[in-house]
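Chemist: As a plain string of letters, each chain reads:
Number of protein chains: 2
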Amino acid sequence: MADQENPDAANDASAKTILASAMAQVSDSIDAHFDAVLTVPDDARARLVEAMRHAAIGGGKRLRPLLVVASCDLFHVDRQSALRIGTAIEAIHVYSLVHDDLPCMDDDDMRRGKPTVHKAFDEATAVLAGDALHALAFEILADERTHHDPFVRCELVAELARASGQSGMAGGQMMDLAAESASFDLATVTRLQQMKTGALIAFCVEAGAIMGKLSPEGRAPLRGYARDIGLAFQIADDILDVEGDEARAGKALHKDAAAGKETFVSVMGLARAREQAHALVDQAIGHLAGFGREADLLRAIARFVIERDR
Amino acid sequence: MADQENPDAANDASAKTILASAMAQVSDSIDAHFDAVLTVPDDARARLVEAMRHAAIGGGKRLRPLLVVASCDLFHVDRQSALRIGTAIEAIHVYSLVHDDLPCMDDDDMRRGKPTVHKAFDEATAVLAGDALHALAFEILADERTHHDPFVRCELVAELARASGQSGMAGGQMMDLAAESASFDLATVTRLQQMKTGALIAFCVEAGAIMGKLSPEGRAPLRGYARDIGLAFQIADDILDVEGDEARAGKALHKDAAAGKETFVSVMGLARAREQAHALVDQAIGHLAGFGREADLLRAIARFVIERDR
Numbered sequence: 001m002a003d004q005e006n007p008d009a010a011n012d013a014s015a016k017t018i019l020a021s022a023m024a025q026v027s028d029s030i031d032a033h034f035d036a037v038l039t040v041p042d043d044a045r046a047r048l049v050e051a052m053r054h055a056a057i058g059g060g061k062r063l064r065p066l067l068v069v070a071s072c073d074l075f076h077v078d079r080q081s082a083l084r085i086g087t088a089i090e091a092i093h094v095y096s097l098v099h100d101d102l103p104c105m106d107d108d109d110m111r112r113g114k115p116t117v118h119k120a121f122d123e124a125t126a127v128l129a130g131d132a133l134h135a136l137a138f139e140i141l142a143d144e145r146t147h148h149d150p151f152v153r154c155e156l157v158a159e160l161a162r163a164s165g166q167s168g169m170a171g172g173q174m175m176d177l178a179a180e181s182a183s184f185d186l187a188t189v190t191r192l193q194q195m196k197t198g199a200l201i202a203f204c205v206e207a208g209a210i211m212g213k214l215s216p217e218g219r220a221p222l223r224g225y226a227r228d229i230g231l232a233f234q235i236a237d238d239i240l241d242v243e244g245d246e247a248r249a250g251k252a253l254h255k256d257a258a259a260g261k262e263t264f265v266s267v268m269g270l271a272r273a274r275e276q277a278h279a280l281v282d283q284a285i286g287h288l289a290g291f292g293r294e295a296d297l298l299r300a301i302a303r304f305v306i307e308r309d310r
Numbered sequence: 001m002a003d004q005e006n007p008d009a010a011n012d013a014s015a016k017t018i019l020a021s022a023m024a025q026v027s028d029s030i031d032a033h034f035d036a037v038l039t040v041p042d043d044a045r046a047r048l049v050e051a052m053r054h055a056a057i058g059g060g061k062r063l064r065p066l067l068v069v070a071s072c073d074l075f076h077v078d079r080q081s082a083l084r085i086g087t088a089i090e091a092i093h094v095y096s097l098v099h100d101d102l103p104c105m106d107d108d109d110m111r112r113g114k115p116t117v118h119k120a121f122d123e124a125t126a127v128l129a130g131d132a133l134h135a136l137a138f139e140i141l142a143d144e145r146t147h148h149d150p151f152v153r154c155e156l157v158a159e160l161a162r163a164s165g166q167s168g169m170a171g172g173q174m175m176d177l178a179a180e181s182a183s184f185d186l187a188t189v190t191r192l193q194q195m196k197t198g199a200l201i202a203f204c205v206e207a208g209a210i211m212g213k214l215s216p217e218g219r220a221p222l223r224g225y226a227r228d229i230g231l232a233f234q235i236a237d238d239i240l241d242v243e244g245d246e247a248r249a250g251k252a253l254h255k256d257a258a259a260g261k262e263t264f265v266s267v268m269g270l271a272r273a274r275e276q277a278h279a280l281v282d283q284a285i286g287h288l289a290g291f292g293r294e295a296d297l298l299r300a301i302a303r304f305v306i307e308r309d310r
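Going down the list, the sequences are from chains C and H.
Anchor point for the first sequence: position 19 equals 19 in full-length UniProt numbering, and the numbering is continuous, going up by one each time.
Anchor point for the second sequence: position 273 equals 273 in full-length UniProt numbering, and the numbering is continuous, going up by one each time.
Hints were generated in silico from the structure; no laboratory data involved.
Treat each hint with caution, since some may be false.
Note that identical chains are pooled: a pair holds if it fits in a single copy or bridges any two copies.
Unchecked claim - DSS-like cross-link-like pairs, simulated, lysine-lysine; straight-line CA separation at most 30 Å:
{"no.": "1", "residue 1": "Lys119", "residue 2": "Lys261"}
{"no.": "2", "residue 1": "Lys255", "residue 2": "Lys213"}
{"no.": "3", "residue 1": "Lys255", "residue 2": "Lys61"}
{"no.": "4", "residue 1": "Lys16", "residue 2": "Lys261"}
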């Protein structure tokens with residue numbers, strides 16, 4: 001009732017409904033896709049596939065597949081194809097978490113509320129499960145069910161490889177390791193995060209444009225949106241690391257400060273970081289001004305990125 | 001002079017010349033390709049790219065790229081494209097060695113006569129360098145310089161992903177880890193090796209057929225050749241592990257017996273293993289009967305596979 005008298009609140013409630021419903025659908029579909037491609041074989045490889053399932057199925061916000069679905073919606077890409085790309089990107093994201101959690105990297109025991117793969121299995125299995133999920137991502141993208149045009153599939157493969165390799169995610173993780181022993185300024189922390197998490201998020205948003213065969217110039221607003229929510233996401237992550245609840249997050253928090261790692265919060269302070277995250281979300285939504293209701297899900301995701309508690 | 005009176009010896013000498021010259025050319029080109037794509041950046045990622053260079057440049061037999069070049073020669077594929085595919089496959093091979101050498105896997109200190117990546121750098125850098133080489137392989141394959149037809153590039157990506165993932169190399173490595181605590185029969189050891197090393201070798205040989213757009217039926221002889229030399233290669237590796245010279249091999253040997261791991265030698269005995277390797281090479285060459293001189297390099301590689309000392 002109150003919502004009818006307050007259009008902002010009504011919009012807000014409707015955005016939350018759109019988001020909650022899309023999130024639930026995407027989460028279920030991603031689990032189903034992983035379940036279908038990760039059949040446990042009846043031989044000594046069983047342990048490998050079980051470890052891949054442990055890492056990939058159940059849990060996680062599925063933010064990346066959700067972004068893929070939202071950007072594909074803009075260009076009327078069919079949902080099944082969008083979910084295949086979402087599964088491929090999630091496979092890359094999950095492999096990076098499995099390797100990142102290893103004792104020689106961040107040494108984490110819990111992830112998404114479950115023991116990490118090397119805890120539930122062992123380190124060697126975790127290395128291999130990550131590697132096999134990495135290969136799986138490209139196998140999914142190159143399959144003709146992802147898009148009938150092989151040119152589009154090749155572009156997806158090339159962009160995902162770039163976003164996850166030495167100039168993208170892996171490069172950012174390397175800088176992140178160096179951050180423990182170096183003192184980075186705001187520009188360097190920003191560049192690090194644009195590689196570590198931003199590149200993959202940008203690919204999620206760009207996936208719709210690639211599938212819709214949008215011209216490179218037409219992609220500019222989506223690029224702007226992706227850059228802004230990528231940074232906002234990471235600032236929110238840094239804030240959560242300071243303020244969050246471990247049980248809700250399903251993983252250990254307060255690790256950055258303990259490791260002496262520079263983050264947006266350590267460089268800008270909590271208040272300015274929060275302000276900056278909000279400004280980035282407004283700016284991200286501004287990039288979508290040329291779109292109508294079909295971009296409502298992208299707008300709702302932008303707000304969610306800084307409102308989430310895990 | 002003696003060679004003119006003995007055509008077999010002359011053929012043998014000529015095969016060795018063909019092989020030596022191709023090997024030298026391929027090794028130089030693969031190093032040059034890696035050098036070109038692995039430019040060390042002027043920031044905290046430098047360590048990552050240096051680790052990738054340490055692993056990828058210099059050393060190794062480059063058997064896989066050599067097979068790609070030899071199979072591409074059959075179908076008049078241009079050399080630069082063949083070498084791009086060779087570089088991509090070598091990137092996958094090298095990433096698997098880097099991860100395989102980690103303390104939680106085989107725990108090796110030396111590889112190709114140099115300290116392993118985690119020894120020369122550290123474990124976290126080794127994990128990330130392997131991951132970044134993995135992504136690099138797909139980035140190279142999806143690039144239009146590899147083949148003008150995106151359909152061909154997609155097929156290469158899909159086949160490489162399959163050959164290196166859970167049903168190929170990674171699956172075989174998992175079985176290999178299990179081999180330390182299980183007692184495998186010959187059939188299981190064979191299946192393990194067909195996945196662990198055979199799948200990637202098969203892809204090398206098939207690459208020429210994919211690039212030459214050969215029909216699936218036309219590929220049967222190459223598949224047979226690949227299967228046979230893949231097994232012969234692994235038997236030769238197991239023999240080398242027992243009999244080889246560590247300085248020549250550039251890595252630690254005699255590890256299988258120490259780990260209580262079943263190998264072709266432990267299951268068949270040294271004499272029968274040697275016999276079997278020779279029979280497989282003869283059979284591999286038999287598959288090439290339909291080809292003329294253009295398959296001489298493939299024939300020479302088949303013989304080399306069991307005559308090498310590293």
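Chemist: Which numbered hints does this structure break?
Modeler: As far as the earlier hints go, 2, 4 are violated by this structure, in ascending order.
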